[in-house]
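**Student:** Sequence:
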Amino acid sequence: MKKAPAPRRLRPIPARTLLMIPAALSLLAGLNAALQLVDLPAPINAAAWTEVHGMVLALGFVGTLVALERAVAWGRPLGYFSPLLLGLGSLMLLTELPRFAGKLGLLAGMAGLLWVYVPLWRRQRAQAVLIQMLGAGLGTGAAVLFLGGVETALLLPWLVAFLVLTIAGERVELAHLTMGPQAGTRVLQLSALLAAAVVAALLAPGWGSIVFGVALAALTAWLLVLDVARRTIRGQGATRFMAACMLAAYAWLLVAALTWCFGYPSGRAAYDTVIHAVFLGFTLSMIIAHSSTILPAILRRPLPYRPMMWVPAILLWAGLLLRLWIGNGLGHDWAWRAGAVANIVAVLLFVLLALTSMLMGESQARPQPSTSSKPPSDSLGIGPPSPGSTSLLSNPAARTPRAGLSISPREPSK
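The working numbering puts the last residue of the sequence shown at 1803; the count rises by one with no breaks.
Wrong hints could be hidden among the right ones.
Unchecked claim - Now the in silico label distances, taken between C-beta atoms and shown as ranges:
1) Phe1489 x Ala1436: 30 to 36 Å
2) Gly1537 x Gly1720: 34 to 40 Å
3) Thr1574 x Leu1486: 42 to 48 Å
4) Phe1651 x Trp1510: 33 to 39 Å
5) Trp1723 x Met1749: 25 to 31 Å
6) Val1740 x Asn1434: 34 to 40 Å
7) Val1507 x Leu1536: 19 to 25 Å
8) Arg1511 x Asn1434: 35 to 41 Å
9) Ile1715 x Phe1651: 18 to 24 Å
10) Ala1413 x Met1749: 30 to 36 Å
11) Gly1538 x Pro1691: 43 to 49 Å
Calculated from the structure, these hints are not laboratory results.
A virtual CB, placed ideally from N, CA and C, is assigned to each residue, including glycine.
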């Protein structure tokens, strides 16, 4: 009688998982502050958190995830100082410690991330790495400006460019494989143009913001044309889900870019629109799309796709439509608040579903992929792949389709 196969033993959770705790706390604190910013009751009444809401989410949460992902890709212990410093710096901003200490921690963490890209570039001299390195440089610039006391409205383009170029680097890798090496050259040129526009928006917010909007729109449109998600949206299961999240992310980024094209977003409606279209619509949609590759590489636990994952994604986009269109566009405060609540619920729901899916493990009905298509543990969704891996294999949305598979800060000064 043939014995049943022994259950697969999961590898122990690595110590680097502890570095996700400050990121998770930063996310929760940011969501708490988001409720206060729309004048709704929050679990913790901490008015001071609203003042650092944007930096805690952009660098404390997303920045820590990016730095941790890059540290895993590099594979050296020194790389983990970057996410550690970013996470601790973010948490210090939420305490009664001098705010200078938290700002300094964020700056040290971003500088560490920029330094990590140096050995990654030596290992893989690809344009995708240069694009991400440029983004890390702009993120470091944002931390410098924050340390110097520059208001969030003026350093916002620096934060946006950091996140956009970080994510764009991985998409360029896919474009290089599907459309030739010239795709990366064009995106690198547009990325350099965006970096120049970031500086212009700081020195001359009036016309500089328009230039930034045009450069961001051009980069977004080019990425959208190149991205294989336009084809894989016709797939099924995880393939379609990831492609839909990425296409939605580009659409929201275009909304922010076009808003900037009308000039410096000095009013509450315009400012609220560009911030949430980028950080919720674009960034979180991309994080959701790539969560099945980011989290397993860090936690050594698979994150299987579940159809229920559509619920928080659609709720996120519906909340944004309600907040930005009916709330900001038509001037209805009830929609502005309701959209904010929907966004917060969407984020929490996705985190809950992701944790539940990881605990449940692989679905028995899901067909097992062949050994040749199994992604390596360090092939992640928001960075260029490490040597010997291919991002087309690390991302179900990049494979041939097959079955089965809030920030609302105070109005900035003009």
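**Student:** For each hint, tell me whether it holds in the structure or not.
**Tutor:** Outcome of the hint check:
1. Separated by about 20 Å at the C-beta atoms, Phe1489 and Ala1436 break the suggested range of 30 to 36 Å.
2. Checked against the hint of 34 to 40 Å, the pair Gly1537 and Gly1720 passes, with Cβ atoms roughly 35 Å apart.
3. Distance hint check for Thr1574 and Leu1486: the Cβ-Cβ separation is about 46 Å, which falls inside the suggested range of 42 to 48 Å.
4. Checked against the given bound of 33 to 39 Å, the beta carbons of Phe1651 and Trp1510, roughly 37 Å apart, stay inside it.
5. A C-beta distance of roughly 38 Å is found between Trp1723 and Met1749, which places it outside the suggested range of 25 to 31 Å.
6. Judged by the Cβ atoms, the range 34 to 40 Å given for Val1740 and Asn1434 is violated: they are separated by roughly 23 Å.
7. Between Val1507 and Leu1536 the beta carbon distance is about 22 Å. The supplied range of 19 to 25 Å therefore holds.
8. At about 49 Å, the beta-carbon gap between Arg1511 and Asn1434 misses the expected band of 35 to 41 Å.
9. Roughly 19 Å separates the CB atoms of Ile1715 and Phe1651, a value that falls within the hinted 18 to 24 Å.
10. Hint check: Ala1413 to Met1749, Cβ distance near 20 Å, so the stated range 30 to 36 Å is violated.
11. For Gly1538 paired with Pro1691, a C-beta distance near 45 Å keeps the hint of 43 to 49 Å intact.
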